[in-house]
Each structure stands twice: as C-alpha cells, then as structure tokens.
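Student: Next come the chains, spelled out residue by residue.
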Amino acid sequence: DAGVIQSPRHEVTEMGQEVTLRCKPISGHDYLFWYRQTMMRGLELLIYFNNNVPIDDSGMPEDRFSAKMPNASFSTLKIQPSEPRDSAVYFCASSLGLGTDTQYFGPGTRLTVL
Amino acid sequence: AQSVTQLGSHVSVSEGALVLLRCNYSSSVPPYLFWYVQYPNQGLQLLLKYTSAATLVKGINGFEAEFKKSETSFHLTKPSAHMSDAAEYFCAVSNGGSYIPTFGRGTSLIVHP
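Those sequence lines, one after another, are chains A and B.
So in the working numbering, the last one in the first sequence is 114, and the numbering has no gaps at all.
So in the working numbering, the last one in the second sequence is 1113, and the numbering has no gaps at all.
Honestly, the hints are just simulated from the structure, not real lab data.
Where is the CB? At the ideal position from N, CA and C, for every residue including glycine.
Treat the hints with care, as some may be off.
Simulated coverage check for chain A against chain B, where a stretch passes if three residues somewhere in it have a Cβ under 8 Å from a Cβ of chain B [said to hold, decoys possible]:
hint: 1; segment: 33-47
hint: 2; segment: 94-101
hint: 3; segment: 106-113
From just these sequences and the hints, can you work out the full model?
Tutor: Structure (structure tokens):
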C-alpha cells in the first residue's frame, strides 16, 4: 500500500483566499483524522471520521474550517477565508480502529498564509 | 480522562550515548501507550506500543520502552544513539477501545557527533 497520501505538500496563499487540503487514507481503514501541528500548540486533533461520518469536530478552531469525507478513499479540509494564523503543517492520518490501533500519518501539507 | 506529559522539549546526547526520553501519563483506566517518531519533513510513524501484554516493549531501530504502573511512566530508551535518531518523538495514551490517543507535546532529540 502507498500509505496515506496528502496533497499538496506545500501551499502558499494570501490572506482571505480559500484553501483546500486533500487526503487519501489507507484502503480498508475505517477512521480518518485531521491534525494541525504548530510550534506553539504542538499536535492538535481537528476532527475525525468513522466510516466517512464526522464523529468529533470539537478541535476545529472556528467556522472558517470545514472537513468532508464524501467516500472511503477521500477527505478534504477547507479553510475559507484563510488567515496568517492558520499557517501550520496539516496532517491526515488513518487507522483500522481506535484504542490499540496504530495511526498511519501522511507526509503533511505545509500551509503558509501571507 | 487521559493525558500525557513529556518532560523536556529538547534532549541532547552524543552519538553512542544512552537515549532516555521521558513520558508520564494520566489515565482513569489501564492505558494503552504509544511512542511515535517524526523525522524532518515527514509524518509521524509508530515506534512501539504497549497494549497490556509485556511491560517491556521493543520497537523499531533499537528503541524500547517500559510500562511502569506505579510510576505512571512509559519512558523510551535506546542504549546507543545514532545520528539518524535525530527526530521529534511523541508519546501518546489511549484509555481503551473507544478512545483516540492523546499526544504529548513532543521531545526533540538532538544527536551530536
């Protein structure tokens, strides 16, 4: 398997623009997670899905952030409008289950909002 | 509730020296514990995990960790550091089958020649 795939790897945009990050989880994994990593706040869980259904979005910072999972092989994280404080590395991860199951992380998308 | 504390945001060792990265957890039930490693410009990958079997867990690249319930600790060790071990290390705890892991803030391991 190719692992978790994220695109783009790098995104530079201007404040106010819409940003869409994409993720393809490992086939057969029932759970998908979106994380944000910054120096100040470390690794933060934004939202996770089970069988394409959002389960907990309490980590989404504000209404400018939205996530969808239209099918088992694709998810998006959208920021509209983007702000400089959204600059971070965004990771997608997937797993078979919870508890003891390993999370497999993608390479991340480094977002810079000017 | 579950939480994890990693003592020391940075640890610096010489090549060939012992590596010790500290992790203490808080959990209301017997926990599952994980160590992940993040190399520069990459995502996290699993080093090892404790799932209530043997208390001494061996992982990849010569790392191991010991679960100590009395100390609520799960410290990561490696007898001899290698330059390629330089990375960010994350400890994580899960309360059970229906819980997602909670990650610590991470410890950056610096290895000097």
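Student: A separate judgement is required for each hint: does it hold in the structure or not?
Tutor: So, going through the hints one by one against the coordinates:
no. : hint    : in the structure
1   : 33-47   : holds (count 4)
2   : 94-101  : holds (count 4)
3   : 106-113 : holds (count 3)
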